[in-house]
Amino acid sequence: MKKKEYGRKMGGHSNWPEWIYVGIVIALMLWVGAEAWNVERLVEHVPEGAEVIKVTGQQWFWTFEHEDGTKEIGELHVEKGKAYKFEITAKDVNHSFNIHDYVVLMDAIPGRVNTVWFAPTDVGEHDIQCREYCGLIHYNMRGTLYVEEPSS
Amino acid sequence: MVLELQKPRPIWQIMFSTHHTDVGLLYLITSMSFLFMGGALALAIRAELFLPGAQIIGDAMTFNRIFTVHGTTLIFLFIIPFASAVGNYFVPIMVRYKDMAYPKLNAIAFWMIPPAGALIWLGFADFTWYATPPYSIISAPGPAADMWIFGLKILGISSVLGAINFVVTILKCKHPDMSIGQVPLLAWSFLSSSLIILVAIPTFAAALLMLLTDRLGVTGFFNPAMGGDPIAYAHLFWFTFHPEVYVLVIPAIGMMYEIIPRFSRRPIFSYNSGVFAFVLLSIVGFSSWAHHMYATGMSFTEKTVFMVGTLAAVPASAMHVFNFIATMWNGRIRFATPMMWAVGGIALFFSAGAGGVANAAMPLDFTTHDTYWVVGHFHLFVMGTIAFGSIGYFYYMFPYVTGRMYNETMGKVHFVMSFIGTILVFFTQHVLGLYGMPRRIFDYPPIPEWIAMNQIVTVGAMIIGVSMAIFLGNMIYSSAKGKPVDAHDPFELGGKYYYPFEQKNPHH
Ligand code: HEM
Ligand SMILES: [Cu+2]
Ligand SMILES: [Cu+2]
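So the protein sequences, as listed, match chains A and B. FYI, in the numbering used here the residues of the first sequence are 1 to 152. FYI, in the numbering used here the residues of the second sequence are 1001 to 1508.
Bound-form chain B, shown alone:
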């Protein structure tokens, strides 16, 4: 598969194109830019928390705005567009169709992202990525809050359009010779996550509008002063966003399904179990949303129901881990950079899941909820699993996109530093949570254990920061000056067999 960046073209030709690889490239560049922007905010947060007392960020309001935009950016402007980039490049090729089903819709879905990103960054809201009422209604300063609401609204529509496109491309446009049981697991991951989007997103889309009219004072859905109920918002929010975490993680697992068998030079251990686990996860994922709300005063019965719903989703995730390990077991593994990221990602995925089981057990959640434990927990997913899988895949597609090879040594240095940093940051945050440090705080009392752990976390974050700078340098340098590759086997795995999607879609 040759993805055409080799022949230089004027930028506007790519920008106005509706061809799937061009839209994919736009998604790729946008999402990577937001990764670095959001990451810079994380480093500011960590510098501030290195010691008690105000450090580099003068006041609490600025701090609150920074972590809000950090979270919003990395979830909605990095993870999701990155998955769309990969889907755009590979799904049509994998189902052997000339493009996405609706190329214009595809371009429109992409072009909604930059204005949404601008609204979020120019507004710089402070109400956390939950935008919980009544704070978000009566206390959060506008116009930042309103801009955030519009930004998210646009991103929601963009994801729904993208999801429709993937579902139709995979189900309706796949080559007639190809049965659904032959569609590669990466494409299955897009099918599953797109179906989740279509069911989950409308709920939050409605909640956002209600939030907006509440802010304008014309309604009081979530405003207790007008007889509304803030808990209703929490349900609507998590009904969308618990399933959404699977939307984030499933494509990353799909990317690992591409990388791991290939670099183990062995087919996947069980294709069927991979498909089964994706489909199962996308259904069971809807039964657990209120595990985020144990401490809102739910009854014992409600809590029990959602605990059971949460634990029920665990076997499906565990099946993926098994599948990966079983694939590598007797493989002739080549630890090139993409493989290192994928394997590291699986290890962190496993730890993240183990911590999640502890959160789900209701009595334990009262210790961990809204402490740094939770910050550590979800970052093992968003950073440890999803960003690792995505970055691994980025290295993997780099030679196909640019026709040149990245610097392998620098890729490995990037991985080792990020892996060490991730463990330092997010494992330590779990312990810090057990010591009671709440999340989303600008400053903390000088408790010796808290100080020590915050310093470890900050050092870890700086290590990740340096490794990301190396990454950026490597990508810029190598895309211009890297060694030209043999596009049939850039990773020297030997044998065409390992690249089954040897095909190219011409521009139309």
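In isolation and in its complexed conformation, chain A is listed as follows:
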């Protein structure tokens, strides 16, 4: 290839394919961003009348306190079809409250209360785990969620 021709081809003057490509990437990012924004907005809207469950993480177990004052350790019993709002905090170090099957994930941080909600749809058992490193028994800071038929 001659010097001149090569300068024209490689010098960046006629690289329209790159502009098209960058345009496509930008468009894709705009789409991902808009979609994510929209979904997150809906997901974060806590339904009215959601029952509050206080969740406390500490090395290395979870404690739950229902609205009526009953407490559970390592197990959580809820009713199908109801909405629940978790108010999550921690006693000692950071933890992260996670029910993977329902995409419930929120850090438990001492001195703060974080909220997240969910509404179980089917009767069954699901794993509860800690997803933030919290020391020695982090790997076994697990519990079980029991979704039951409504009582009345």
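Watch out, some of these pointers could steer you wrong.
Simulated restraints on C-beta separations [said to hold, decoys possible]:
{"no.": "1", "chain 1": "B", "residue 1": "Ile1283", "chain 2": "A", "residue 2": "His66", "range": "46 to 52 angstroms"}
{"no.": "2", "chain 1": "A", "residue 1": "Asp122", "chain 2": "B", "residue 2": "Phe1124", "range": "42 to 48 angstroms"}
{"no.": "3", "chain 1": "B", "residue 1": "Leu1198", "chain 2": "A", "residue 2": "Glu148", "range": "46 to 52 angstroms"}
{"no.": "4", "chain 1": "A", "residue 1": "Asn140", "chain 2": "B", "residue 2": "Pro1448", "range": "18 to 24 angstroms"}
{"no.": "5", "chain 1": "A", "residue 1": "Lys54", "chain 2": "B", "residue 2": "Glu1449", "range": "47 to 53 angstroms"}
{"no.": "6", "chain 1": "B", "residue 1": "Pro1446", "chain 2": "A", "residue 2": "Lys82", "range": "51 to 57 angstroms"}
{"no.": "7", "chain 1": "B", "residue 1": "Ala1354", "chain 2": "A", "residue 2": "Lys54", "range": "37 to 43 angstroms"}
{"no.": "8", "chain 1": "A", "residue 1": "Gly69", "chain 2": "B", "residue 2": "Pro1143", "range": "43 to 49 angstroms"}
{"no.": "9", "chain 1": "B", "residue 1": "Thr1409", "chain 2": "A", "residue 2": "Asp122", "range": "56 to 62 angstroms"}
{"no.": "10", "chain 1": "A", "residue 1": "Pro150", "chain 2": "B", "residue 2": "Gly1217", "range": "49 to 55 angstroms"}
{"no.": "11", "chain 1": "B", "residue 1": "Leu1198", "chain 2": "A", "residue 2": "Gly69", "range": "52 to 58 angstroms"}
It is worth saying that the hints were derived from the structure and are not from the lab. We put the CB at the ideal spot given by N, CA and C, even for glycine.
Assemble chain B with the ligands onto chain A, guided by the hints.
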């Protein structure tokens, strides 16, 4: 360019030298040693996780220490010093200056690394490479934790000194005949990453000191029991370390900019777009740090801002991929070992980026965050892109440094095995994350899918391990007994044109 290892010299002559290629050699040997040490820890982690229940590592504490030191080692003692090695060898030659701008400072920056490495390895802390409070303040056992803090402090200073040296060398010492628009892309990558270091590192340096005084109990910046806020630490940490991931990746991309055009026997498709993408990345990289913190309870608005900041950095990375593919498109490619690593690295870079976009989209991040997905994601960068680019470059500079050729067949075997292993390990980890397995766990319940995937990951890791042993053997053998090369064209690409930095800096 002839890099002088051909004439044997006593080791102390190299150790006390301030010449840029000698300091480069010291960086090179140190970083490669840490690659193998950190890699050995990875294999221990994988052996442990092959099955549920305790396997080879007796207890959780030891396991936690191992993955902490693994991560710390490979990021701070392999990736960063390796980039400094390449920068030391090539940047002065590329800007046509006799040495780095401040040779003594350069040697000092290097000599801070071995003591820092010793602190990290002798301490063997357990609080993960984040050192998140309050765990790191009230729970992490000393003196390991304190030694880690001092080690990182020293490494931070070393990087800042190195960065100042690169910036001055490139901007002030380049040959007067050379405009900044003629500086090769590898040197541009060092300019960009050094500027990021100078802006990003001081924040974490401050946070480390605050962490130390918190541990001593004299302050309570991050300790909620004393009215402090652990989230403040997370912001300071990620304000440094999100930009830092670009510090890690940009030099590796720069190395690919050396390898790919040369082995495609064609100039880079667009020099301007490469420069533009580097500079853009080093600015936009500062707008995304809190994408690591979606689950800490940030407001919807905060999350949106950081999602937008993250997505904004994607086009810049995508431009590099385009540039590489466009360069190879009509090239006369010679798939020698360095080229294979570079091309494999680009493929993995692309997959890593695609996964990153999924993490950035806020609702999806609640599925992936702190699961094995994230482990898979960042390893496609640190291993798939950065280690691949670096190892490719290592093969590329090997004949210049030693005057001898490595064994090409073994180099290719190394690549093929590592590539297969990397896909097995890190793609599988993404899926494992979707199945909910948290990261940083010593043991896991016997869920059949988890067991199966963990076994695939471990097998993949062992394949990488074997290939790395082949690599080590090849390097040791070839540096002593390899075929002597024609330093003007060791890869037989034909034509001087492909080695534009035909020059050598004599010792002074
Ligand atoms: C043979 C290849 C490798 C394998 C199999 C491997 C495996 C692993 C595993 C199993 C973990 C622990 C995950 C957990 O948190 O539970 C980990 C963490 C990590 N690895 Fe690797 N790794 C490899 C190479 C690398 C390389 C080349 C780098 C850097 C250049 C690196 C950087 C890290 C970092 C930063 C962490 C996070 C540590 C932490 O969370 O404290 N790894 N790796
Ligand atoms: Cu935990
Ligand atoms: Cu980040």
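Hints and how they fare:
Distance hint for Ile1283/B and His66/A: a CB-CB separation of about 50 angstroms, consistent with the stated range 46 to 52 angstroms. In this structure the hint that Asp122/A and Phe1124/B lie 42 to 48 angstroms apart at CB holds, the actual value being about 46 angstroms. Here the CB-CB span from Leu1198/B to Glu148/A is close to 58 angstroms, at odds with the stated 46 to 52 angstroms. The hint said 18 to 24 angstroms for the Cβ distance between Asn140/A and Pro1448/B, and at roughly 19 angstroms that hint holds.
Range check, Lys54/A to Glu1449/B: Cβ separation about 32 angstroms, and the 47 to 53 angstroms hint is violated. The hint said 51 to 57 angstroms for the Cβ distance between Pro1446/B and Lys82/A, and at roughly 32 angstroms that hint is violated. Between Ala1354/B and Lys54/A the beta carbons are some 39 angstroms apart, a value that agrees with the proposed interval 37 to 43 angstroms. In this structure the hint that Gly69/A and Pro1143/B lie 43 to 49 angstroms apart at CB holds, the actual value being about 45 angstroms.
In this structure, Thr1409/B and Asp122/A meet the distance hint of 56 to 62 angstroms, their C-beta atoms being roughly 57 angstroms apart. The beta-carbon spacing between Pro150/A and Gly1217/B, approximately 51 angstroms, falls within the hinted interval of 49 to 55 angstroms. Hint check: Leu1198/B to Gly69/A, Cβ distance near 56 angstroms, so the stated range 52 to 58 angstroms holds.
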